[in-house]
Amino acid sequence: MTAAPSDTLRERVPVRAWWHLPLWPDPWWPTVAIGTVVLGGLAAFLAPLGGVDVSRLNGLGLISVLPVMSLLGITAVAVAFSVGLCLPRAYPAVLGGTLAGIVICLNAVTVFTEPEPRFPTSYQIAGFVEYISRTGHSAPGLDAYFSWPGFFGTVAFLQRVTGNHDLIPVLRWWPVTIDMACLVPLYLIMRNLRASWRAKWLAAFLFEVGNWVGQDYFSPQSFNYLLYLVFLAILLTWFGLRPLAAPAAPRAEPETGYGIVSWWRSSFSMLVPGEIEPRPSSPAQRAMLLAILLGIFVTSTTSHQLTPFNMIAACLGLVAVRRCTITGLPVLLAVIVTGWVSFAAAGFWSGHLSALFGDLGNLSGNLNSSVTGRITGTAQHRHVLDVRTAYAVIFLLLAAGGLVRRRRRVTDDRVLITLMCMPFLAFATQSYGGEIALRVYLFVLPAAAVLAAYLFFPATRDEGGGRPWRYFLPVAACAVTLVIAFFVARYGNEAFEQTPPGELAAFNYLYAHDQAGVRLLWLSPDPAVDDTPEMPWEYRDIEKIDFIPELAPRHPGSLADLVATLRAAGPGSYLISTTTQEDYLSQEASYPVGWGGEFRARMAATRGVRTVFANPDAVIYTLDWPPGTPVRRPIPGAAGPASPPAPWTAAGLAVLGLLLLVLTAREFIRVCLGAPRLLIRPLTLASLPLLVAFIGVVIMRFVVIS
Amino acid sequence: MRCMPMTPQRWLACAVIAAGLIGVGLALAGSSSPLRAPLVMLALAAGPAMAVAGLLRGLDTPARIFAACAAMIVINVLVAEIMLAAGAWSPDGGLVAVVVITALLGVVQLPPVRSMASRHAPKWRAAVRLERR
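If you read the sequences in order, they're chains A and B.
Counting in my numbering, the first sequence tops out at residue 706, every number present.
Counting in my numbering, the second sequence tops out at residue 133, every number present.
Calculated from the structure, these hints are not laboratory results.
Treat the numbers as computed from the prediction; the structure is a model and nothing was measured.
Note that CB positions come from ideal geometry on N, CA and C, so glycine has one too.
Incorrect hints may appear among the rest.
Claimed, not checked - Simulated restraints on C-beta separations:
1. A:Thr-684 to B:His-120: 25 to 31 Å
2. A:Leu-658 to B:Arg-57: 32 to 38 Å
3. B:Arg-10 to A:Pro-169: 33 to 39 Å
4. A:Pro-88 to B:Ser-90: 55 to 61 Å
5. B:Ala-126 to A:Pro-88: 50 to 56 Å
6. A:Ala-93 to B:Gly-87: 46 to 52 Å
7. A:Leu-661 to B:Ser-90: 27 to 33 Å
8. B:Arg-119 to A:Ala-651: 43 to 49 Å
9. B:Ser-31 to A:Ala-477: 51 to 57 Å
Given the sequences, and given the hints that come with them, work out the whole structure.
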């Protein structure tokens, strides 16, 4: 048979009917088979969830009450996804649908098992939104969160223009929505990588399954994690550096063994870049994209305290490894975030400098408090911590393995290595208490997920032949293990992170009686450190209820101190005890089993103590006050923005404005006009004295205000 | 002026704009209609995104939609943030601000403005080339 010219061939292709569109590909049976298994698995997972009783959780959390049927269902879905990865060609609709199903199962399971949205802090965030929605201003004096009000302000704005709806459904569906949304920038990021479709789909799966950290509740940081990925996607897609002298096609060399000599040689020989070249774009498009990039960064700066630093670190790393063309961007970003912290968030740091920078450089201290600080509590609950640690370690090991396999294919994945390493800087610099390890893991995750996927599928392009089925067993085993372990790692604290309806009712009772202000005592295992109650707190009227942590007596009978404190607090003071807080005390702080029940019984029997509200989930006590007891009003924090001294503010703002103008102009000229020296050099020179002056202003403000 | 041919995409855009404007009207009138929330969200989400997508002609479709959505988030958050920082909190004012920004982004894409820009573009390019030398 002779080869026909390509145009002749094209003419002969008949017009395809709709059932032959890519959504319904040839051969049709893999789609139908995998689709059936996935739908069956989803049904098996979701159907029995209605009968789950979340009040009977033990120290392992949600998995202790999940029906076996549900676990079998999700296992079937994970296996089906692995099968989809090993087919000779990609079926995007099937893989995408399966992945979406998995994300729903993992992140929306509590929507079906619990009557109210989970996680105490999400209620607190809703309280900040409610405050802005009601008063029309933020209040940095009331809470440090208000120094970064972008997220609260936006939600309050949307809430008001859509007709003042309740936020409870938003709280409930937020995690699964934001986790789905994160897949979009991840897809854009992965489009720039030289990798097979199998690696990319597996990476998306690992990214979702690895995200057990639980930072995706309704909060500024979950929104900012999405912004972080968007930032990376724009940077890598349009501003990644054109690699110098890249070979046109990846080398088809055989894998060269593990010997030191070959490793050495491969390190210094010409590696093939792990990224494809930047997409072509016109100067106007690049200007527009840079504006969006800066907008994303400013959005993040105004709404979260940690994420902008991660963005700067990632950008700096990419510039350093020559994979970012906007070389002046890190300086511009640093000036933006410093300006915000110095001028707009003054209420946060004035008076707290030692708390902020005290841990700077205290690497081992931060590591220890992150890793070991939380390891107390019941033996059963400690398994959850073991699973989490193992999860993180396994992920990093898989990523390292993937890196080695890619290296043997002489591929240079410096972008992924950079993105994986830069978040670790936070250990050395940020003062964020015991949570920093979780956050570092979260920001390592996108790059680590891709590298871990390379361990199974290291190919640099879509290969036609090969034997993908030999990877089926390892991939399926890994997928199933990680999915099941996810439920332990993510929902291991569910006994005290859930919100029973009775607790919400208790708080609604308080909100109905807080016109004159309320002091609310709650039971903490260590009031000096542990000041976040496990209850739906602060979700309304945040300026009216003062939450005061009090030491929970280890022996539930010794209530004298507690009652004395309540008496000293005066009329309008209450003490609350909730089932979740009691579970927290026993699981995390080793209080005796049955502590809560005995505490409630003893408290009710104490003379002078009056129970004003009680249901199985929560009890509120107060005291019988003799008539004429003077009422001490709770002191609400200062409302409205904190006002720093005037003379420095005006001068400082002028310097900041000029500096931003010069630096922004410099970067726009760089991306639009290809860095003409005649323009760039004067701007660089002009920016230097301004930069020095700005640093001076910032230091001066720190000294004067604090 | 020559009339633009109406492709299905353009009909869809017109429908979205009309629905969004109805939503904005309902919100400004303080209506309690169940249509208010979805239509206002459509106006705040699809409006700026479509306007920015129009400015990003030439990018491939997924990238274009993605960048436009990113811009949409930025516009909404910064409008809310500026209202807070300036002490001028007004949800209705913010809604109008987003609509005005969208309209401005839309106006620069109208055929007269674009033809003017394309007329002046060569001069600009020549100027830059001169400078590089």
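Evaluated hints:
The supplied range of 25 to 31 Å is met by A:Thr-684 and B:His-120, whose beta-carbon atoms lie about 29 Å from each other. For A:Leu-658 paired with B:Arg-57, a C-beta distance near 34 Å keeps the hint of 32 to 38 Å intact. Between B:Arg-10 and A:Pro-169 the beta carbons are some 35 Å apart, a value that agrees with the proposed interval 33 to 39 Å. For A:Pro-88 and B:Ser-90, the Cβ-Cβ distance of about 59 Å falls inside the hinted range of 55 to 61 Å, so the restraint holds.
Distance hint check: the CB atoms of B:Ala-126 and A:Pro-88 are about 54 Å apart, consistent with the given range 50 to 56 Å. A hinted range of 46 to 52 Å for the beta carbons of A:Ala-93 and B:Gly-87 is consistent with their spacing of about 50 Å. Distance hint check for A:Leu-661 and B:Ser-90: the Cβ-Cβ separation is about 29 Å, which falls inside the suggested range of 27 to 33 Å. Our hint of 43 to 49 Å for B:Arg-119 and A:Ala-651 holds, since their Cβ atoms are close to 44 Å apart.
For B:Ser-31 and A:Ala-477, the hinted distance range of 51 to 57 Å is satisfied, since their beta carbons lie about 56 Å from each other.
Checked against the numbered hints given earlier, the structure satisfies every one of them.
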